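The task is simple: from the sequences and hints, build the whole structure.
There are 2 protein chains.
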Amino acid sequence: MSSREEVGGSMEPSRDLIGLSSEPLSIERVYSSAVSPSCGAVALFIGTTREHFEGRRVIRLEYEAYEPMVKSELSAVCRDIRSRWPMVKHICIQHRLGLVPVAEASVAIAISSPHRCEAQEAVGYCINALKASAPIWKKFMNLKNRSGRKILNVAGLETAEVAGLE
Amino acid sequence: MSSREEVGGSMEPSRDLIGLSSEPLSIERVYSSAVSPSCGAVALFIGTTREHFEGRRVIRLEYEAYEPMVKSELSAVCRDIRSRWPMVKHICIQHRLGLVPVAEASVAIAISSPHRCEAQEAVGYCINALKASAPIWKKFMNLKNRSGRKILNVAGLETAEVAGLE
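Note that the protein sequences, when read in sequence, are chains X and H.
Using our numbering, the letters of the first sequence correspond one by one to residues 1 to 166.
Using our numbering, the letters of the second sequence correspond one by one to residues 167 to 332.
To be clear, the hints were calculated from the coordinates, so they are not data collected in a lab.
Some hints here could point you the wrong way.
What the hints assert, rightly or not - Capping the alpha-carbon separation at 20 Å, the derived lysine to aspartate or glutamate pairs in EDC-like fashion look like this:
| # | chain 1 | residue 1 | chain 2 | residue 2 |
| --- | --- | --- | --- | --- |
| 1 | X | Lys-131 | H | Glu-287 |
| 2 | X | Lys-131 | X | Asp-80 |
| 3 | X | Lys-138 | X | Glu-64 |
| 4 | H | Lys-297 | X | Glu-121 |
| 5 | H | Lys-237 | H | Asp-182 |
| 6 | X | Lys-139 | X | Asp-80 |
As the structure is a prediction and not an experimental result, all values here were calculated from the model.
And the structure:
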């Protein structure tokens with residue numbers, strides 16, 4: 001046993017897993033990819049489609065992304081997390097694209113660390129950083145299936161464009 | 167549609183789900199029981215068995231509980247959460263009892279809310295309150311399968327008892 005293992009570390013390499021998919025997200029899989037024998041904590045955040053937005057009924061959201069830039073932006077977020085919380089072990093960030101019905105997950109983040117504070121703080125930071133920097137567009141569909149408000153989050157700026165919302 | 171629904175609320179009643187089980191915890195099930203169409207956020211915390219504790223190798227943990235008191239203590243934690251974060255929708259707290267091997271989950275908490283801050287803050291509060299108040303005992307087993315340190319968390323006091331740890 002190495003001295004690193006003796007003080008509670010682990011030789012298992014840390015992982016950053018970033019994915020975009022048009023399939024439903026498996027929360028069990030996101031969780032499992034962050035679990036580590038060297039960690040006592042996994043914190044997760046899941047963003048889901050709400051049935052209301054600013055008092056209007058939503059039937060589903062649609063997400064579009066500029067995929068090459070999403071991956072580089074989220075890799076930068078992972079590096080930031082590792083510099084702020086060096087005890088973080090694995091980071092898994094999965095975002096769904098395309099249509100996401102009410103109550104289904106659009107984004108799932110799981111982060112492990114030996115103790116709970118680091119994992120919880122890092123997940124809070126991660127979802128805020130993702131919303132601020134990842135080029136992922138969100139379009140609301142209202143009850144009559146018209147396009148609603150389109151929101152673009154990119155480079156820390158949020159711009160809103162109204163397009164046919166009743 | 168009621169005026170409550172129109173402003174983004176939901177008529178679905180809030181749920182507090184508290185469970186103790188000797189079976190492995192299903193993270194997907196804990197997550198699913200907290201999801202709500204009225205919410206855009208589910209925060210989770212999962213506590214897992216670490217392979218090391220204070221520099222010593224752990225092969226598994228064993229949990230024992232005084233079950234009737236656990237349920238009443240955790241119900242009180244749920245009430246506290248609802249008074250601090252009234253927007254919280256569902257709360258699910260599941261604790262495994264008996265042997266929990268390395269990297270498996272001993273506790274899983276999922277909390278939903280319309281927006282992410284409340285769910286994340288409430289989960290952080292919940293795991294701290296559970297550790298401080300629930301009468302759940304944790305016993306470490308080291309490599310030679312001897313009983314290790316036994317820790318009792320009850321009524322905010324943590325007492326440690328050394329029993330055969332090498």
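Each hint tested on the structure:
For the hint linking X/Lys-131 to H/Glu-287, the alpha-carbon distance of about 18 Å falls within 20 Å, and the restraint holds. For the hint pairing X/Lys-131 with X/Asp-80, the CA-to-CA distance comes to about 15 Å; that is within 20 Å, so the pair holds. Proximity of X/Lys-138 to X/Glu-64 is assessed by CA-CA distance (about 7 Å); at most 20 Å being required, the pair is judged to hold. Taking the CA atoms of H/Lys-297 and X/Glu-121, the gap is about 18 Å. The hint holds against a cut of 20 Å.
Of the pairs offered as hints, the one joining H/Lys-237 and H/Asp-182 holds, with about 11 Å between alpha carbons and a cut-off of 20 Å not exceeded. Between X/Lys-139 and X/Asp-80 the alpha-carbon distance is near 28 Å, which puts this suggested pair outside the 20 Å criterion.
Of the hints listed earlier, the one the structure fails to meet is number 6.
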